[in-house]
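K.L.:
Between the sequences and the hints, there should be enough to build the whole structure, so can you do that?
Here's the letter readout for the chains.
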Amino acid sequence: MGCWKMNLLDEEVFAVILAIIVVGSVFSIAMIFRPENPEPFTAIGLLNENCKIGDYPSTVFNGDNVTLCIFIDNHLDHAALFEVRYKVSDPDHIPTNTTPSPNTTLVKWDVFLDKYDNTTFKVSVPVNVSITNASRIALVFELWVLDSSTRSLVYTGRWVHLYVRVLESPLGG
Amino acid sequence: MVLLVVFVLFSQTIQVVFSQGSFLSSNSGDKNVVWDKWFRAYEIVVELSKAGMNISSYLPSLQEAYDYLEKGEYGSAENILDKILPGLTKLYEEKDSFVFWKNFKKVTLAVLIGSFPVLFYFFFPRIYLRIWYKVREKWVVGK
Chain A
1 MGCWKMNLLD
11 EEVFAVILAI
21 IVVGSVFSIA
31 MIFRPENPEP
41 FTAIGLLNEN
51 CKIGDYPSTV
61 FNGDNVTLCI
71 FIDNHLDHAA
81 LFEVRYKVSD
91 PDHIPTNTTP
101 SPNTTLVKWD
111 VFLDKYDNTT
121 FKVSVPVNVS
131 ITNASRIALV
141 FELWVLDSST
151 RSLVYTGRWV
161 HLYVRVLESP
171 LGG
Chain B
1 MVLLVVFVLF
11 SQTIQVVFSQ
21 GSFLSSNSGD
31 KNVVWDKWFR
41 AYEIVVELSK
51 AGMNISSYLP
61 SLQEAYDYLE
71 KGEYGSAENI
81 LDKILPGLTK
91 LYEEKDSFVF
101 WKNFKKVTLA
111 VLIGSFPVLF
121 YFFFPRIYLR
131 IWYKVREKWV
141 VGK
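The listed protein sequences correspond, in order, to chains A and B.
Note that the numbering used here numbers the first sequence so that position 143 is 143, with each residue one more than the last.
Note that the numbering used here numbers the second sequence so that position 10 is 10, with each residue one more than the last.
There's no promise every hint is true.
[What the hints assert, rightly or not] Subject to a maximum C-alpha distance of 25 Å in a straight line, what follows is the list of computed PhoX-like cross-link-like pairs (lysine-lysine):
#, chain 1, residue 1, chain 2, residue 2
1, B, Lys50, B, Lys83
2, A, Lys52, A, Lys108
3, B, Lys31, B, Lys83
4, B, Lys83, B, Lys95
5, A, Lys108, B, Lys71
6, B, Lys105, B, Lys50
7, B, Lys31, A, Lys108
8, B, Lys90, B, Lys105
9, B, Lys71, A, Lys122
Source of the hints: derived by calculation from the structure; they are not laboratory data.
P.N.:
Spelled out as structure tokens, the structure:
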């Protein structure tokens, strides 16, 4: 920096502009090299029969079908095959973050999702349980993903459940 | 005698059908072979999408093949897989080159952005001066 230009371009103003440009450049370069997906995750959501949040059924007749919507979000760093498994469970045997419900899978749905893609689909699930009067059960939906390295379905640790009270059908069905 | 001729003709027909192998392989497919093909396609799709390549056009076919496999219709699944696997394999061969050029673009952009402060430091004062003089070149000093 020669003195010849200091009368025209103030040194401090120039330094401030330069500092802003340096910081902006460093930030931009960091954005270019940042990991594309630093926190990969999957998600499952339960919606009512109109595919909206809330207004879920709280009572069902034994033997009836319940219509709900399932939402799945793939925020992994790759496309994947997801499987939703429907189980009926008592409140003591719902899944955890690490273990799926020990109950038998009654229905399953398989969905392929691209990276960062999601889907919502309607399901109609049967509620057939041996009940004492007004049993409280959980309709459980677990999310599994197909692991390409082991070629097997792996529980993601994500699930949703809906507690319903099951009543004997008035028609005796 | 007639029975013997009918039996010979029947056995020859059966032999011809099975020796060509088309009857079984095209309609039913071998369960393990088809599953293996499907998993190979799945592995390729996962690898390619991890690399950032666009594989969305293959997903419906892969889903359809999976649905057929679940239903036990191995022949139909194999037909779909035979159609998509060559394309997927070709894309997989291009993966390394794709990743190289993707990284090359990133580095080039970073170098360009990184050089901006240096260019600004050297050239801005000169450009500023030039503009300053240009704007004032017709100025006349008043009495």
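K.L.:
If any of the earlier hints don't hold here, list their numbers in rising order.
P.N.:
Those not satisfied: there are none.
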